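Chains as they are written, first to last, in our numbering: chain A, 1 to 358; chain S, 1 to 104.
Any given hint could turn out to be false.
Stated by the list, open to error - Only pairs whose alpha carbons sit at most 25 Å apart, straight line, appear in this in silico BS3-like list of lysine-lysine:
#1 K61(S) - K74(S)
#2 K103(S) - K25(S)
#3 K19(S) - K82(S)
#4 K74(S) - K68(A)
#5 K82(S) - K18(S)
#6 K61(S) - K22(S)
#7 K82(S) - K22(S)
#8 K18(S) - K201(A)
#9 K186(A) - K25(S)
#10 K25(S) - K7(S)
#11 K74(S) - K25(S)
#12 K82(S) - K25(S)
#13 K25(S) - K68(A)
#14 K74(S) - K103(S)
#15 K68(A) - K19(S)
#16 K19(S) - K103(S)
#17 K22(S) - K74(S)
#18 K74(S) - K201(A)
#19 K7(S) - K18(S)
#20 K201(A) - K19(S)
#21 K7(S) - K82(S)
#22 K22(S) - K7(S)
#23 K201(A) - K22(S)
#24 K153(A) - K68(A)
Just so you know, the hints here were simulated from the structure itself, not pulled from any lab data. Bear in mind that the values here come from a model prediction, so they are computed numbers and not experimental data.
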Amino acid sequence: MQAWSELGPIPFNSPSNLIFQNTRGFELSDFFELFIKQIQSPTLGFLIGGIVVASFGSQLAIPDAMYKFITFFLLLKIGLSAGIAIRNSNLTEILLPALGAVLIGILIVLISQFTLARLPGIRFTDAIATGGLFGAVSGSTLAAVLPQLEASKIPFEAWSAALYPFMDIPALVTAIVVASIYTSRKSADASDNVEIWPIIKESLQSSAVTAMLLGVALGILTRPESVYKGFYDLLFRGFLSVLMIIMGMEAAQRMNELRKVAQWFAIYAFIAPLVHGFIGFGVGLLIHKITGFSIGGAVVLAVIAASSSDISGPPTLRAGIPTANPSAYIGASTAIGTPVAIAIGIPLFIGIAQMIGG
Amino acid sequence: MSQQVWKLVIVGEEILSKKLIKLIKAAGATGYTVNSAGGEGSRNVRSTGDPIVSHTLSNVKIEVLTGTRELADKIIHEIEAKFYADYSIITYIYQVEALRDHKF
Numbered sequence: 001m002q003a004w005s006e007l008g009p010i011p012f013n014s015p016s017n018l019i020f021q022n023t024r025g026f027e028l029s030d031f032f033e034l035f036i037k038q039i040q041s042p043t044l045g046f047l048i049g050g051i052v053v054a055s056f057g058s059q060l061a062i063p064d065a066m067y068k069f070i071t072f073f074l075l076l077k078i079g080l081s082a083g084i085a086i087r088n089s090n091l092t093e094i095l096l097p098a099l100g101a102v103l104i105g106i107l108i109v110l111i112s113q114f115t116l117a118r119l120p121g122i123r124f125t126d127a128i129a130t131g132g133l134f135g136a137v138s139g140s141t142l143a144a145v146l147p148q149l150e151a152s153k154i155p156f157e158a159w160s161a162a163l164y165p166f167m168d169i170p171a172l173v174t175a176i177v178v179a180s181i182y183t184s185r186k187s188a189d190a191s192d193n194v195e196i197w198p199i200i201k202e203s204l205q206s207s208a209v210t211a212m213l214l215g216v217a218l219g220i221l222t223r224p225e226s227v228y229k230g231f232y233d234l235l236f237r238g239f240l241s242v243l244m245i246i247m248g249m250e251a252a253q254r255m256n257e258l259r260k261v262a263q264w265f266a267i268y269a270f271i272a273p274l275v276h277g278f279i280g281f282g283v284g285l286l287i288h289k290i291t292g293f294s295i296g297g298a299v300v301l302a303v304i305a306a307s308s309s310d311i312s313g314p315p316t317l318r319a320g321i322p323t324a325n326p327s328a329y330i331g332a333s334t335a336i337g338t339p340v341a342i343a344i345g346i347p348l349f350i351g352i353a354q355m356i357g358g
Numbered sequence: 001m002s003q004q005v006w007k008l009v010i011v012g013e014e015i016l017s018k019k020l021i022k023l024i025k026a027a028g029a030t031g032y033t034v035n036s037a038g039g040e041g042s043r044n045v046r047s048t049g050d051p052i053v054s055h056t057l058s059n060v061k062i063e064v065l066t067g068t069r070e071l072a073d074k075i076i077h078e079i080e081a082k083f084y085a086d087y088s089i090i091t092y093i094y095q096v097e098a099l100r101d102h103k104f
């Protein structure tokens with residue numbers, strides 16, 4: 001059992017969250033039991049429900065404005081709780097996980113360069129853009145893992161959600177830089193230098209990252225505890241369930257896009273979130289050994305690594321790598337990457353964390 | 001009280017709309033109209049007109065009225081040079097009768 005003080009204070013967790021669940025050990029049957037339990041969680045049920053209704057061609061449509069508001073709300077809430085946690089914690093604790101997030105973001109793009117981009121019939125820029133999108137982070141997947149961690153009674157640092165931009169931005173920048181170097185080499189136009197600052201600026205200006213950073217700033221600089229408890233925390237799970245239906249419907253609709261591109265994208269989209277998740281979990285465990293970063297925090301890092309961007313990444317990549325086919329990367333991410341990260345990744349890493357934490 | 005003017009129509013990716021509008025204004029057009037659009041084209045990478053999550057696959061239709069053919073051609077050539085290679089975009093032009101002639 002790890003001493004709670006090592007993890008730093010976490011606001012608003014119910015007392016039950018402060019107790020590590022003691023499981024008997026590393027039995028495989030235990031793991032499957034935990035895994036099945038996670039699959040039955042409401043988050044996942046709503047996601048699958050969305051996929052099913054859209055696959056049957058239902059007329060059900062959730063207004064676009066609703067979707068925008070919900071993602072804004074969820075990321076603001078996550079930002080607020082992260083900001084409050086940062087205010088109450090030692091800043092040096094955050095440095096190493098943030099550095100880990102940056103390195104994972106870059107590594108994911110490089111992996112795609114040496115795997116997906118080498119496959120037959122795959123255009124280099126399509127592969128790099130897909131790698132960039134899978135390195136980038138999905139706000140909906142991040143929003144889905146946090147309540148599941150709480151429900152599984154695994155403590156985590158609330159600021160760990162603020163690792164989002166530390167992985168998101170480096171992944172998009174790396175993808176755009178790698179693709180630009182490749183294109184300029186091909187056209188023998190070496191003078192065409194990539195400007196990195198506009199890409200970072202665009203990522204920071206994206207609606208998802210802005211909402212989260214606004215929450216972090218408000219959490220650090222103001223004392224939003226009362227409105228957080230009385231409004232944001234109360235509505236979080238309800239809105240998350242609606243978002244899961246939307247993501248499910250979106251996934252089913254984007255399958256059409258994905259069918260038009262090479263099958264390798266679908267295979268990559270299925271395997272990559274889990275491989276990236278394991279890399280994230282491994283890095284998280286390493287930091288856990290060094291600094292006492294919690295196992296729950298390692299799960300958050302794993303899920304951030306496993307997730308692929310749905311909202312903020314695609315427009316940045318479309319502008320940054322115009323030669324890449326958006327059907328390839330958006331189809332791969334939204335139709336397969338996100339459902340795999342939520343439906344398999346989250347239960348998998350929570351299950352592993354419960355076994356290790358016991 | 002009417003005048004023959006040129007109506008230039010650009011149907012393209014929504015993410016280009018800011019850049020297109022900047023280009024149109026810089027060329028000297030006095031105004032433009034933007035609609036969201038949906039459909040399917042030869043490029044076949046954006047078959048949907050549905051509003052979608054990321055908006056990256058959404059389309060817009062921009063209409064510009066110009067008093068001279070030269071101005072319309074200037075806009076078309078700039079769009080061609082900048083965007084035709086990598087983006088789903090189509091432009092067409094026809095002559096229409098504007099009912100407020102002093103505007104152009």
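- Message: If you test the structure against every hint from before, which numbers come out violated?
- Response: Those not satisfied are hints 4, 9, 13, 18, 24.
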